[in-house]
Amino acid sequence: MTTSAPQYVTTGDIITPESGFLMGHGTTVADNKLIATVSGFVERVNKLISVRPLNVRYGGEVGDVVVGRVIELADKKWRLEVGSRQFAVLMLSSVHLPGGEQRRRTYEDALQMRSMFAEGDLISAEVFKVLPEGAISLHTRNLKYGKLDNGQLVTVPSALIKRCKQHFHTLSCEIDVIIGTNGFIWITPTPESQSEEQAKDKPQRQEDGDEKPKVVRHFNALVRERLSRVRNSILALAQMYIAIHSVTIMDVYMQSISLGLRAKDILNPDILQTVTQSALSRKGEQS
Amino acid sequence: VQLGVNPKVDGSCYYQQGNTKLIVTVLGPREVKRAKQLHDRAVISCEYSTSTFSASERKQQSKSDRRSAEKAMLLRQAFEGCILTHLFPRSQVNIFVQVIQSDGGTLSCALNAASLALMNAGVPMKDFLVSSTAGFIDNIPFLDLNSWERTSDTPEVCIAVYPHSDKLGLINVDHARLTLPQLETCMNLAVAGAKEIHIMLKNEVKKYSEGILH
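Top to bottom, those sequences are chains W and E. By the working numbering, the letter at position 14 of the first sequence is numbered 14, and the numbering carries on one by one without gaps. By the working numbering, the letter at position 95 of the second sequence is numbered 95, and the numbering carries on one by one without gaps.
Among these hints, one or two may not hold up.
Among the chain E residues that face chain W by a calculated CB cut under 10 Å, a handful are [said to hold, decoys possible]:
#1 P29
#2 V123
#3 L213
In case anyone wonders, no lab produced these hints; they're calculated from the structure. In this text, a Cβ means the ideal position worked out from N, Cα and C, and glycines have one as well.
Turn these sequences into a full structure, and let the hints guide you.
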């Protein structure tokens, strides 16, 4: 159901005096009337009314792909910063063991947690549960999730990321993008050779049970320029409050090339409007 | 009023009322240390900081001296009643007030700015808490006293009200030498002033959001 103009409410406003509606996010009932608790645009889906503010912390739903940074190691779990209201939890039993084994975690595993993910590491994972008090619980029980390296992290408001089928994209400029639903986006140049690809995707073998072999990739200036351009395109979209997905990123990327801009010029406030033009018009088409 | 002045935090607001200017930033709801956690609701913490150049004489004022601490505590109490803290157990919301130029009514402005900053951060609240001050000079009630009017030891009432339910969120009286009827007059005047401010601030918030979406 599309309305002619979305209704904007500020905190405390009465959304509708009629009864019989379900309370969604951002609403509460007082005096038999539905009242907004945040300021934002009203969304109605049949009988469910919710108010979505423009800027809000990542909530977390089952199945979301997120990128997070390890903050601390606790008893048989890692705690990660994902830009949510609490740290996300990654249980030892939810990670992919090196060597791909399926076994019960032993005391030795608990002691060697730091060799898998240490404080400060970036990890891609999937939300498998939302705990009763609001924290999210993650898992990396899939080969595509795990520690991230050889790339760059970009942080954008989570409200700009829509949930879609694919969160792992390979852009046509040979840059891989992991668009975390929490607003943390990981960009890295696409691995070139097949053998490199295999080395990255296979679970890291623990030889002698100690250090993980770390693949350090070297990039030339051209590749780094492309990476910077993608990063700035993402930030440009965030500043103009446009939804971020592979299509819009490439829109800004291609427009910046056709305008003859260097990567660092994209975020210039004077140029921001023109470089995001096609991404903006695409947004206009869809709404 | 300008919302979203600080892109690195969850919510922020620059607020100017007359010659009083301040910036409020809000962080949260976010993770809090285990020792300070509350199992069933969020912890609200406030910090009230005055710049050395804010008053007519340069003065170093630490955040923990009595006046700043009192204002911070009043802010915290007002918002503890306003923010729906039971929605975020084991987390914290931090409100930081920085007074840039002070010309009377700083607590009241801080309250208004904090309301706006919390809205900018998407923190759910019961209602749009707005605040205003009123006082008596020579037995005439005045709305929103500035620093020149305040130095003559005038009683000043600062109230914060929930505009939709007419309930008070905060009431603070300085230099309390008022009779009860005088107090009532001041309160009513301040509430009326706050409601007018509410209408103006509502428009600002709407303008800001629509501006983001062009």
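Here is what the structure says about each hint:
1. P29: holds (4 Å)
2. V123: holds (7 Å)
3. L213: Status holds, d = 6 Å.
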